[in-house]
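Residue numbers (numbering that gives the first Met the number 0), protein chains in the order written: chain A, 0 to 761; chain F, 0 to 761.
Treat the hints with caution; some may be incorrect.
Unchecked claim - Stretch-level coverage of chain F by chain A, calculated; a stretch enters the list once three of its residues show a Cβ under 8 Å from a Cβ in chain A:
(1) 338-345
(2) 585-599
Claimed, not checked - Simulated crosslink set (SDA-like; lysine to any residue; CA at most 25 Å straight-line):
(3) A/K591 x F/D660
(4) A/K700 x F/D660
(5) F/K627 x A/Q470
(6) F/K700 x A/H739
(7) F/K627 x A/I648
(8) A/K700 x F/F185
(9) F/K549 x F/D660
(10) F/K596 x A/T95
Since the hints were made in silico from the structure, they are not lab data. Where a beta carbon is used, it is the ideal one built from N, C-alpha and C, also for glycine.
There are 2 protein chains.
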Amino acid sequence: MKIRHAPSLKILTIILLIAMFSCEETTNKTKVLAESTIQGHPNLVLTKAGVQEIKSHLGKLPLFDKSLAETKAEVDAEILNGIEVPIPKDYSGGYTHERHKRNFIIMQKAGVLFQILGDVKYARYIKDMLFAYAKMYPTLPLHPQTRSYARGKLFWQCLNDANWLVYTSQAYDCIYDWLSKEDRDFLEKDLFKPFADFISIGNPQFFNRIHNHSTWGNAAVGMIALVMDDDSLLNRALYGINDDHLKEGMKDNDGGLIKVKGQKAGFLANLEEPFSPDGYFTEGPYYQRYAMYPFLILAEALQNKKPELKIFEYKDSVLVKSVNALINLTDEDGDFFPINDAQKGMSYYSRELVTAVDIAYHFGSQDPELLSIAKKQDKVVLDDTGMSVALGVKEGKEKPFVKTSINLSDGPNGDQGGVGILRNSNFELVLKYTGQGSSHGHYDKLSFSYYEGGHEVIQDYGMGRFVNIQQKGGGNYLKENTTWAKQTIAHNTIVQNETSHFHGDFETGSLHHSEKYLFDASNPNLQIISAVENNAYPGTEMHRTMALIKDNDFENPYLLDIIKINSKSKNQYDLPYYYLGQIISTNFKYTKSDELKSLGSKNGYQHLWKEGEGKSDSGTAKLSWFNKQRFYSLTSVVSNDDDLLFTRIGAHDPDFNLRNDPGFIIRKKNSKNTFFVSLLESHGHYDPINEIATNAFSNIKSLKIAYSDDDYFAISIETVNDEKKLFLFSFKNNSKTSKHTIKINDRAYKWIGAYKLTEINK
Amino acid sequence: MKIRHAPSLKILTIILLIAMFSCEETTNKTKVLAESTIQGHPNLVLTKAGVQEIKSHLGKLPLFDKSLAETKAEVDAEILNGIEVPIPKDYSGGYTHERHKRNFIIMQKAGVLFQILGDVKYARYIKDMLFAYAKMYPTLPLHPQTRSYARGKLFWQCLNDANWLVYTSQAYDCIYDWLSKEDRDFLEKDLFKPFADFISIGNPQFFNRIHNHSTWGNAAVGMIALVMDDDSLLNRALYGINDDHLKEGMKDNDGGLIKVKGQKAGFLANLEEPFSPDGYFTEGPYYQRYAMYPFLILAEALQNKKPELKIFEYKDSVLVKSVNALINLTDEDGDFFPINDAQKGMSYYSRELVTAVDIAYHFGSQDPELLSIAKKQDKVVLDDTGMSVALGVKEGKEKPFVKTSINLSDGPNGDQGGVGILRNSNFELVLKYTGQGSSHGHYDKLSFSYYEGGHEVIQDYGMGRFVNIQQKGGGNYLKENTTWAKQTIAHNTIVQNETSHFHGDFETGSLHHSEKYLFDASNPNLQIISAVENNAYPGTEMHRTMALIKDNDFENPYLLDIIKINSKSKNQYDLPYYYLGQIISTNFKYTKSDELKSLGSKNGYQHLWKEGEGKSDSGTAKLSWFNKQRFYSLTSVVSNDDDLLFTRIGAHDPDFNLRNDPGFIIRKKNSKNTFFVSLLESHGHYDPINEIATNAFSNIKSLKIAYSDDDYFAISIETVNDEKKLFLFSFKNNSKTSKHTIKINDRAYKWIGAYKLTEINK
């Protein structure tokens, strides 16, 4: 087996310096090239002027030079390795898939190196590889793997073919002028035009949607159209196919809708529809990250070749805003919150975000906060945008990117719910009250996740998929993504009668969204988000309010979680909390099961082992656990009848596809109108070296519903030191100026605005 | 609630500098003190000469100055807080326990500060606290908590009372000369003498054992004896109580033997018995760490006051050797291997190891490798030894502490088995073939654990205890420590007929130990350890051989694991591998259970959920899993009849005391003589940012037993690239010069030495 060792940075730098100092000859070549083609290519992502500018800065911008040295080392190793263009055969993770993927990535990089370093070996490498593809393509059948609703030719799905073309167009642009007209004609006739036709008019079900798949398809066709100066193709990319002959209601293999009545298509429609005015992308940050590359790279190309389109100003500069939104959708470590289908661990360190940050900086307002993210990424794109960033960093312009509390609306007009993020010190709450989020959406209205210092305290499960790990279903979505990860019970929100929101029906879910009631982060010591969901279970209204409160009687900010349910019928309601860690103590009695059965038979319940069950007769249930040397306590108002269930994920999981994480479910039975009220503390610390536990106990002595009627609600919170507070809330009026009065135990409480936290004098 | 924030280092340094520059007056005071008592105290751990030397270096040794500043800030905060000496009431983790513990730690530090900084507020603080203790002590009954076999007065066990006296003796020594004779007489009469008597003659079952408890007791009595110049007490500390009236066979509440016939007692006997000539402590590194402090601190005091004892040369300098052994018993991150009862996370960053490293450096041979550990600890003891270390570091003398493969014998004479550690790049194998290891020993003959880069690949469970986390049984040993953690099935070794080694009987276990067959780490590419256990199951001989092999056909070193079993009767044999992570694939069919039951009813089996079961008809079972972005594959030779069991810890665990970790068990039924043969690879890597899996598959195509008879054994290993190797092994002769020949398929293989890895020519 050959093991390739990455050369150290030192070596890379030396290689680069050698390359530069031995460049006299090369530079002469480049000059000849530049003079002979002053009006020509590259003009897509790299530009002739940009290349000259980059060359003048070589050796002077450490961040750029480092990225260049790394790229050169990587491409040179591949060139040594030789060209391989295998007959397509495998799913993702398999040899032919990964080889073709690597080919397009390396071609794009080789093109950049050819332009910047002027060494023709890079141009030759691209030409030879493109010729190999051009020879194969005309006779290439559909990819032999049949799982996709839109099979590609090089890859098992058109999506990956589109990836190929987005990158390869850039490589082609970089060697366009170096190629003979004959070569170009051959490549365009046998490869690029049929390729672009295949992924567009050949696959309208892929190309003509509002979906990240289509964005890739549109960008691919748009990029090659710009290189070839083919306006007809460019129109197809920007505005879609006029008559796609698709039937309404068609679905892809993830269950996503393909054709929606009256919906536009093409790149601009894809820019219009899924982004909210705040820059939130309806599929969630994981797919936003994936979609950002084609959005931004085609935007960059359009800006270079069709500046009259003013693409970066489109929809009130939504592209630049979206980069800002995306960075705000990360935890303290830069990992994306795993909303909807999302693999954990994806972060703003990904190559897509390097591109996004550089483009947003360069084509946006040169926001110095973006430079601090670029500095963490320690990498720039090798084009004008990366050079701007490297220059900004070199000049010390960066400011810290401060992630504050933020509410991001969902929907093209920002009126289809949203995501609220509350932040205080190193605690982060994410409450999701969006629309369905396209085919990657989960049935998780009003679900939340909670973080401390970049670690999950209450987790969102994410998706059921091991991306590109071939042994796990070819690296594709696993059946458990549907049977578990998308289901409501897999999330930290209300499940009625053990059925998922909208009965887990995608079309129904896509008709609705939750509604914001209020979001207010103006007082750092009491930040609040409140939202309503009335459609997930027809006849049942759910209203969740979460507040992140910093109170000096507590070591850390704590989280208050209030769910009000009003229904026309009696139902069972489950509220799970997917805590991570080991249980330390409870204030109620429970029984662990000596034999484990699953908690239910469908809608995700079949995947939960029921580990134990308890009841509390004290009015509260307190669960304390321990994780990453910290203690957590969840105190909940419960009645004597409520079931307190201990669960573990992993039942009916024949292939070990699920993580065996624990959960705690509060179950209220036979209820029409009810409240779920909980308070979550992070407290104390365990020092395993000194074996000392500090502040290991909850600070809550009692948590009670002090008042409730249709319009008002009050919770009393009492600490172990007998400090008593009341949290007052109006369901009637969310305005900041509304005046409220309620009487509790013959005492009147008056306040202004929808909510108030007040001390109770003893 | 008051939250105390630790001042930053900057502030600490400023405080220290202010303290120093405002010291003129103080210095004068100190001078007076020094001159008036030139022959006197301190002379225990600090010495008068040492203090002068320290003062002359203040402000010049960054490591020492930093430790001094931290200590000063800590003690000053406690002095502001005021003195609290509550009536004893709680178990460990509870208020009174933690308060008394903190008191003795702070008194010791205050004593040091008084000597070094000369500020009498520290002396006053100690005096006031000692007086509070002296007033309480004469009427103090036994501690109200009754769980211990030797209840203390301040604490629930004498052990903690002894801790108190070891530290407090040092504080007393520091203010001895500053106190009036009258004060000293009062303290000695009402506190120190009755205290020393209570934990010695008052509790011979605690004081007169060979056990870490007794070491603490002996050291406590020895320390106060040295301060008070009480030779009779000192004799008791060094040589034990002559006639202790203890019955043979008495046990403590952990099941440990108290009285063994003919066994000596006292500090010197405790130094003699549990340490092997290599410095291995029979209870294992976790308790060695705990015991090191009293061993070393009394040794330091004896060296200062009774240099004629030459305590550091005792038993061929075993104390210094033991520090070296202890550092070698840590993983790459400095965490101790959790052999026997041990809480994970304890490491050479603990305060005991700071003391140990400083003393071993100062009183040993000034080993420059110890300085690199001290530098990582970033802390020194505030005495002569810490100053030596700080000076060494300041002068840049340190060399990296290189942990290589090492075999550490067990037993007073080094002939009771041992622990073998094989290391290659960042892989570490620990094979345990020791004696029982006193009352903290586990029934885990020939068990192993395996590490990569400081992470566990195959884990040793450690102990069933959350030290000082009060909610978990007062922070004491949990019943699951006995029912699970100590049992054989909790370890990565052979279980016969679902019973533990020695039937889990401590006395039987204590009569035996495993035997080394060979240990050879001379060839870094093939390191090997081999050991035999013939007593765990009478009539059954088990011989385990593990080799850590670096072969260029593999990305990383791999582990070969061969167990030969010969029995007089037919039995069932289970071999568990407690891997950590998520299963990626297997090469055999298995069925997951839809309802979980425990794997058995006793001997630890009651705590294992049986998650699934499979069989292989291909001759091998391959299990691949994924952990911390790395892939692992275990390939085992199995027969069609062998059961392949998937387990998870956590059944019959009513209080959530166990970690729910997975396991894989190979079960051979109805066998007399058999082999377990496995090969464990670490391979590849997953990059969650780029979503790329490299080298995600096992490199083993086949693993077969090519030959076996009573004397010889051969395994053939074939890689996916058809490289074939034979591992040849002799059970007959372990000498390096022995000559061997066997015939396989009519071909003769000859080799010299007990083992050989050879290529097979095709």
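**Message:** Just to be careful, I want the Cα atoms of A/K700 and F/D660 compared with a cutoff of 25 Å; is the pair within it?
**Reply:** Answer violated: A/K700 to F/D660 is near 34 Å, above 25 Å.
**Message:** Hinted pair, alpha-carbon criterion (25 Å max): F/K627, A/I648. Please report holds or violated.
**Reply:** At roughly 20 Å apart (the allowed maximum being 25 Å), A/I648 and F/K627 satisfy the hint.
**Asked** For the pair supplied as a hint, F/K596 and A/T95, is the alpha-carbon distance within the 25 Å limit?
**Response** violated, 44 Å
**Request:** For the pair we were handed, A/K700 and F/F185, check the Cα-Cα distance against 25 Å.
**Result:** Violated: A/K700 and F/F185 sit about 45 Å apart, past 25 Å.
**Prompt:** Holds or violated: are the alpha carbons of F/K549 and F/D660 at most 25 Å from each other?
**Reply:** Given pair F/K549, F/D660 is violated - Cα atoms ~29 Å apart, limit 25 Å.
**Message:** Between the stretch 338-345 of chain F and chain A, are there enough contacts, at least three residues with CB-CB distance under 8 Å, for the coverage claim to hold?
**Reply:** holds (count 4)
**Item:** Per-stretch coverage check for the stretch 585-599 of chain F, three Cβ contacts closer than 8 Å to chain A
**Value:** Per the Cβ count (7), the hint holds.
**Prompt:** Straight-line Cα separation of F/K627 and A/Q470 no greater than 25 Å?
**Reply:** holds, 17 Å
**Request:** Would you check the hint for A/K591 and F/D660, treating anything up to 25 Å between C-alpha atoms as holding?
**Result:** Within the cut-off at roughly 17 Å; holds.
**Message:** Can you confirm whether the C-alpha distance between F/K700 and A/H739 stays at or below 25 Å?
**Reply:** violated, 75 Å
Going through the hint list in order, the structure does not satisfy hints 4, 6, 8, 9 and 10.
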